[in-house]
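Colleague: Single-letter residue listing:
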Amino acid sequence: MESWVVATGLVLLYILVTIVLGFLANRAMSLDLEDFLLYGRKAGFVVLYLTVVATYHSAFAFLGSGGFFYRHGIGFWEAGTWTVLTGAITYTLGVRIWALGKRFSYITPADMLADFYESEAVRVVVALVSVFFTILYIQVQAQGLGYIISVASGDRISFEMGTLLLMIVAGGYLMAGGLRAVYWTDVVQGVWMYVAVWAGALVLAHRLFGGPLALWKRVAAERPDLLSLPGPEGFFTPGMWIGMSVALSFGIVLQPHIMIRYYTAVSGRTIKWLGATTPIFLMTLYIPAALVGLGGAIVLPDLAIPDQIFPELLVRYAPAWLTGLILAGATAAAMSTLDSILHANMTVLTRDVYQRYIARDREPAHYVWVGRGIVLGLLVIGYILSVRTFGFLVTLVTLSGAGALQLLPGTLGVCYPTRRPFTRSGVLAGIGVGLAVLYVTLVTVPHALGIHGAIWSIAANFTTCITVSAFTKAPSDETIARIHGAVEDYVYGSGEEGLEEALRS
Amino acid sequence: MGADGFADVPWRSQLSFRSHYLPRSRSGWIAVLSFVGLMALVQPPIVFWVDTHVGSVWVLGMPFLYIYLGTVYFALIGVLVWAARRAV
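Line by line, the protein sequences are chains Z and B.
With my numbering as the guide, the letters of the first sequence map in order to residues 1019 to 1523.
With my numbering as the guide, the letters of the second sequence map in order to residues 372 to 459.
Calculated directly from the structure, the hints in this document are not laboratory data.
Here a beta-carbon is modelled for each residue, glycine too, at the ideal position from N, C-alpha and C.
Hints may be right or wrong, so weigh each one.
What the hints assert, rightly or not - Derived DEER-like restraints, expressed as beta-carbon distance ranges:
| hint | chain 1 | residue 1 | chain 2 | residue 2 | range |
| --- | --- | --- | --- | --- | --- |
| 1 | B | Phe445 | Z | Gly1395 | 42 to 48 Å |
| 2 | B | Thr423 | Z | Trp1387 | 56 to 62 Å |
| 3 | B | Ser396 | Z | Lys1491 | 33 to 39 Å |
| 4 | B | Ser396 | Z | Phe1122 | 49 to 55 Å |
Using the sequences and the hints, build the whole thing.
Modeller: Structure below.
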């Protein structure tokens, strides 16, 4: 049997597994909105762990990281900083988001911000920023899926056809089984991608160099420029280093597909352990990625699309069965993020726009069907973007994170009580100025003074938010007492017992 | 518990909260200072200083920078696990 048939067949077999899981999730699902959107707020540690890591790591980690090591060298090992920061943010901020979500039945990030700032404008702006910037993330996954299937099949299945096929599958099981289907498939995908990336990198390192240590020696001898900062093209300047650390930690956590996961946890303790331990998975996935990217720069130095380095190496130098299994892992990485983003955007648009402004007080089943229609629309947009515009996967994800980062001041204002709370005017002005500065520092004067646009924009956002908040009307005393009081009580008062008691009373 | 389900605690009457940005326990301070201190080791300017001055050294057959960053990352995770075990 030809090797491309084996490789493509294994990817398709994996897809069949996800379809079966989606079908089973559909049988277990009720047409209850909280079950469809939030897994009934019952996600335990193991399921939540695997869905968070599978969602966080996407085509970006599986393909884009290899491409970035290939092009910019060891500097990309700074990825560890943003994965560890993500854990710390989950530990401190995530647990507060969970507590407020449970206490006040929030479903989307905009629910929480609109409630505290007493503003429908805040709700709409937060919803739009969330959806707009995560659509870029849909593009990243769609591009990754297209790369995988076209490389696995030796271009017999085109990039466009591969993208379309895999997007339909991800959208299909999401529409069938809601968040339950996403979580169940994420469990399989999380394990599969981790094993696959390690197995693939080690096999390649042994076959091509005689082992990882010999690989490092070859890189030092032939491409020493890849082993120092700021890298061959001078990319990793101090400003870029800090900017990527911030954009890819805070910026990713504040995206709806991660924030909504906090709402779904069964307890706050689950969230804390999630924050403490997810960096182990997230960070160590970049160890084999370094071997792939740096080794690839020696073996295939003139690759036109660096993001394709991992599948290209596998197809050329690994046995077909292994290539198929590993590319199925890459497919898992992309699909697990794609389905989560589709689900999050569906939730935001259904809950914050449709249910609120277009059709109130309908049956839950009605909203479930509307949500499915929204997924279909998002798939079409994502597909068009992925086949018409191209960008490096890491660049697209960083842009996506920098956009979502603009929600940081508003979110901190809700979750961290202070003596002077932010105001709705401050938060809205901050987001507006932050986005404008982001545009200027990414498009007009890219990364001015060597500092990443994410840093410029969030600095402008915070400055504006604090200044405007000093002169504008704060949320009412009742709201501050209710929401900040709940945070104070949960964190420094009666904890989860008090929260449960408040819900019962 | 009050009638609205909130615990009866002093902050309710004054609507002014102690900042949540500063830890309120010894364990909290240890966790925050350890995490911030370790994170500083993998951020500019320290990480660039390490690369410039120790970058040519190799440890266990791998570049020092690679080992250095990895070690600090695991130490940071250690701080988070320590905090979780103590329920900080």
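Colleague: Does the beta carbon distance between Ser396 of chain B and Phe1122 of chain Z stay inside 49 to 55 Å, or does it fall outside?
Modeller: violated (27 Å)
Colleague: Check the following: the C-beta atoms of Ser396 of chain B and Lys1491 of chain Z are separated by a distance inside 33 to 39 Å.
Modeller: holds (35 Å)
Colleague: Starting from the hint 42 to 48 Å, judge whether the C-beta atoms of Phe445 of chain B and Gly1395 of chain Z obey it.
Modeller: holds (44 Å)
Colleague: For Thr423 of chain B and Trp1387 of chain Z, compare the CB-CB distance with the range 56 to 62 Å and indicate the outcome.
Modeller: Holds: the Cβ-Cβ distance is about 60 Å, inside 56 to 62 Å.
Consistency note: the structure conflicts with earlier hint 4 alone.
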